[in-house]
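For reference, the chains in residue letters:
Number of protein chains: 2
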Amino acid sequence: MSNAAFEPVTVVLDWGTTGFRACLVRSDGSLVDQKEVERGIQTVAKGEHGRFVSEALASWRAEYGTLDIVAAGMIGSRNGWIEMPYVPTPATPADLAAAARTDGLPEGDRITFLPGVTDPTAFPFPDVMRGEETQLVGFGLDRDMIVVLPGTHAKWAEIRGGHIERFRTFVTGEIYSTLADHSFLSKVATAERDHAAPAFAEGIALAQEESTRAGGLLTRLFAVRTGWLAGAIARDEMKSRLCGLIIGWEFVEARTCGWFEEGDTIAVVGDDDLVEVYARVARAFGLKLAPAPADAAIRGALRISRRGPVAAK
Amino acid sequence: MSNAAFEPVTVVLDWGTTGFRACLVRSDGSLVDQKEVERGIQTVAKGEHGRFVSEALASWRAEYGTLDIVAAGMIGSRNGWIEMPYVPTPATPADLAAAARTDGLPEGDRITFLPGVTDPTAFPFPDVMRGEETQLVGFGLDRDMIVVLPGTHAKWAEIRGGHIERFRTFVTGEIYSTLADHSFLSKVATAERDHAAPAFAEGIALAQEESTRAGGLLTRLFAVRTGWLAGAIARDEMKSRLCGLIIGWEFVEARTCGWFEEGDTIAVVGDDDLVEVYARVARAFGLKLAPAPADAAIRGALRISRRGPVAAK
Numbered sequence: 001m002s003n004a005a006f007e008p009v010t011v012v013l014d015w016g017t018t019g020f021r022a023c024l025v026r027s028d029g030s031l032v033d034q035k036e037v038e039r040g041i042q043t044v045a046k047g048e049h050g051r052f053v054s055e056a057l058a059s060w061r062a063e064y065g066t067l068d069i070v071a072a073g074m075i076g077s078r079n080g081w082i083e084m085p086y087v088p089t090p091a092t093p094a095d096l097a098a099a100a101r102t103d104g105l106p107e108g109d110r111i112t113f114l115p116g117v118t119d120p121t122a123f124p125f126p127d128v129m130r131g132e133e134t135q136l137v138g139f140g141l142d143r144d145m146i147v148v149l150p151g152t153h154a155k156w157a158e159i160r161g162g163h164i165e166r167f168r169t170f171v172t173g174e175i176y177s178t179l180a181d182h183s184f185l186s187k188v189a190t191a192e193r194d195h196a197a198p199a200f201a202e203g204i205a206l207a208q209e210e211s212t213r214a215g216g217l218l219t220r221l222f223a224v225r226t227g228w229l230a231g232a233i234a235r236d237e238m239k240s241r242l243c244g245l246i247i248g249w250e251f252v253e254a255r256t257c258g259w260f261e262e263g264d265t266i267a268v269v270g271d272d273d274l275v276e277v278y279a280r281v282a283r284a285f286g287l288k289l290a291p292a293p294a295d296a297a298i299r300g301a302l303r304i305s306r307r308g309p310v311a312a313k
Numbered sequence: 314m315s316n317a318a319f320e321p322v323t324v325v326l327d328w329g330t331t332g333f334r335a336c337l338v339r340s341d342g343s344l345v346d347q348k349e350v351e352r353g354i355q356t357v358a359k360g361e362h363g364r365f366v367s368e369a370l371a372s373w374r375a376e377y378g379t380l381d382i383v384a385a386g387m388i389g390s391r392n393g394w395i396e397m398p399y400v401p402t403p404a405t406p407a408d409l410a411a412a413a414r415t416d417g418l419p420e421g422d423r424i425t426f427l428p429g430v431t432d433p434t435a436f437p438f439p440d441v442m443r444g445e446e447t448q449l450v451g452f453g454l455d456r457d458m459i460v461v462l463p464g465t466h467a468k469w470a471e472i473r474g475g476h477i478e479r480f481r482t483f484v485t486g487e488i489y490s491t492l493a494d495h496s497f498l499s500k501v502a503t504a505e506r507d508h509a510a511p512a513f514a515e516g517i518a519l520a521q522e523e524s525t526r527a528g529g530l531l532t533r534l535f536a537v538r539t540g541w542l543a544g545a546i547a548r549d550e551m552k553s554r555l556c557g558l559i560i561g562w563e564f565v566e567a568r569t570c571g572w573f574e575e576g577d578t579i580a581v582v583g584d585d586d587l588v589e590v591y592a593r594v595a596r597a598f599g600l601k602l603a604p605a606p607a608d609a610a611i612r613g614a615l616r617i618s619r620r621g622p623v624a625a626k
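Going line by line, the protein sequences match chains A and B.
184 is the number that this note's numbering gives to position 184 of the first sequence; each next residue is one higher, with no gaps.
385 is the number that this note's numbering gives to position 72 of the second sequence; each next residue is one higher, with no gaps.
Derived by calculation from the structure, the hints in this document are not laboratory data.
Computed from a prediction, not measured in an experiment: that's the story for all the values here.
All the pointers check out, no bait thrown in.
Quick list of the computed label-pair ranges, beta carbon to beta carbon:
| no. | chain 1 | residue 1 | chain 2 | residue 2 | range |
| --- | --- | --- | --- | --- | --- |
| 1 | B | Ala543 | A | Arg110 | 28 to 36 angstroms |
| 2 | B | Gly571 | A | Arg160 | 37 to 45 angstroms |
| 3 | B | Glu351 | A | Glu261 | 49 to 57 angstroms |
| 4 | A | Ala294 | B | Asp457 | 56 to 64 angstroms |
If we take Cβ atoms under 7 angstroms as the criterion, some of the chain A residues that face chain B in the derived model are:
| no. | residue |
| --- | --- |
| 5 | Ser183 |
| 6 | Leu221 |
| 7 | Ala230 |
Where a beta carbon is used, it is the ideal one built from N, C-alpha and C, also for glycine.
The whole structure should be built from the sequences, with the hints applied where relevant.
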């Protein structure tokens with residue numbers, strides 16, 4: 001047995017619809033190793049998840065002994081491994097810990113599933129998140145702040161008094177990708193979105209146009225096509241323009257519903273390129289940005305499961 | 314030669330992205346015969362359109378002699394047979410007739426392509442229609458009225474003083490179909506939309522909710538999912554709910570932009586089940602409906618091409 005076995009390590013597992021990603025981390029959150037498998041959780045049959053995980057992590061077990069795994073997100077959904085409950089807002093890390101569940105695995109590993117969060121005050125139905133609550137805890141709940149978590153179903157969440165106070169979902173990423181891939185645009189547009197392109201900024205500006213001459217979202221979306229027909233938008237600018245418009249529109253709706261005012265400080269939390277995309281839109285709306293760690297999901301998983309002393313920043 | 318040859322008949326051709334439909338009509342607009350071929354215009358190579366039409370209409374030519382064909386819509390678009398110009402608003406039937414173009418076909422037939430219409434006052438780019446202008450003329454331009462033409466890219470048009478005065482596009486149908494077929498809904502929803510279902514009315518009601526607690530469109534769309542998670546929406550109700558919400562939202566945006574006020578009379582013009590779907594939403598928004606013919610496209614084609622004395626109703 002190597003010396004490595006004496007380091008307390010935890011596996012933070014992110015297994016969603018598109019792939020399996022495991023991070024082996026120390027109790028301070030620092031990364032030791034990482035594994036990715038392109039295998040969505042729904043492609044593994046019910047009852048086979050444990051064996052899949054045991055096999056995928058075999059080399060780590062050989063080096064570090066039986067593993068301590070923490071998992072949040074879609075893995076705990078109806079279509080995942082086991083269906084975990086939703087903890088209602090206002091929710092603290094202790095509330096989330098109390099709803100977690102630890103199971104033994106065939107090779108002696110342990111896996112702790114973290115719950116999701118529901119906001120029962122949302123209209124007309126309770127809103128839901130799975131995974132973002134862990135990112136919020138990893139970001140830290142000690143400062144009252146509005147936090148945006150970009151994604152297919154982007155979340156705007158309010159942190160207040162050490163709680164996840166409330167949140168709402170915007171289907172921004174879903175609208176963007178379905179239109180980019182399956183609409184009037186998909187046969188014409190050539191390049192992927194580029195948030196550094198002028199077309200992205202023009203999309204934001206169209207979202208920000210306040211006079212009714214621009215119409216609502218359903219009309220503004222058509223401007224990506226009419227701009228192309230008018231020769232004002234090139235094929236390789238169309239997706240950038242669409243992306244700026246749709247994310248910009250998310251901010252318009254959020255502002256209308258009281259999530260922010262110009263001059264406020266918010267945080268954008270995530271681990272992919274959408275963080276910088278959203279940060280750019282936020283600045284265009286006169287927002288200041290609080291710093292946020294890219295590894296909030298890992299910090300949150302350790303904090304909720306009490307596997308590490310990772311403090312809220 | 315049969316007596317049929319002495320009746321003056323016209324072929325009104327609707328050849329779009331999904332199929333080819335030809336109506337043989339008398340000068341009063343009454344239908345003599347009809348042919349449908351499931352062959353989108355883009356599946357026929359450039360230069361082959363004339364031969365395809367000549368062959369598809371051979372039996373009519375044998376009975377009625379060389380044919381007089383009138384075509385509007387996508388057939389005259391960049392990806393169609395020939396690219397026809399857009400006539401700017403305000404546009405009259407005479408303006409449209411002046412921009413039409415008649416070509417000879419191999420077997421001695423003649424085909425008249427009608428132009429589209431552009432609204433150069435639209436922001437940020439000129440808006441465009443192809444085919445709907447012909448429906449508007451067929452509906453009649455003698456009454457000042459707001460006319461809604463449902464579809465993938467629905468149009469709201471103002472008729473004023475005998476002109477098509479202005480119009481705007483809403484991508485309602487595109488948002489509905491891309492979400493219904495390619496989103497979080499597509500794997501869960503089981504039944505197609507049913508505008509007679511309570512879920513459709515509930516979708517309209519959600520669009521009409523005026524307090525900011527309901528959020529904007531990007532948030533309200535997620536309620537189709539959260540309602541299912543909460544057990545409040547069944548799988549077979551999801552598409553009806555989505556449809557009511559999205560078309561309802563089109564009316565919210567149209568009202569915000571000044572297209573109507575409660576109590577106004579508008580017309581819904583089209584030839585498929587969307588007419589009744591839109592009529593139901595219009596009534597929910599307090600609108601009265603002017604009667605409209607289901608064959609507005611045929612009436613308009615005859616009127617613009619001066620092939621028949623079909624008067625505006």
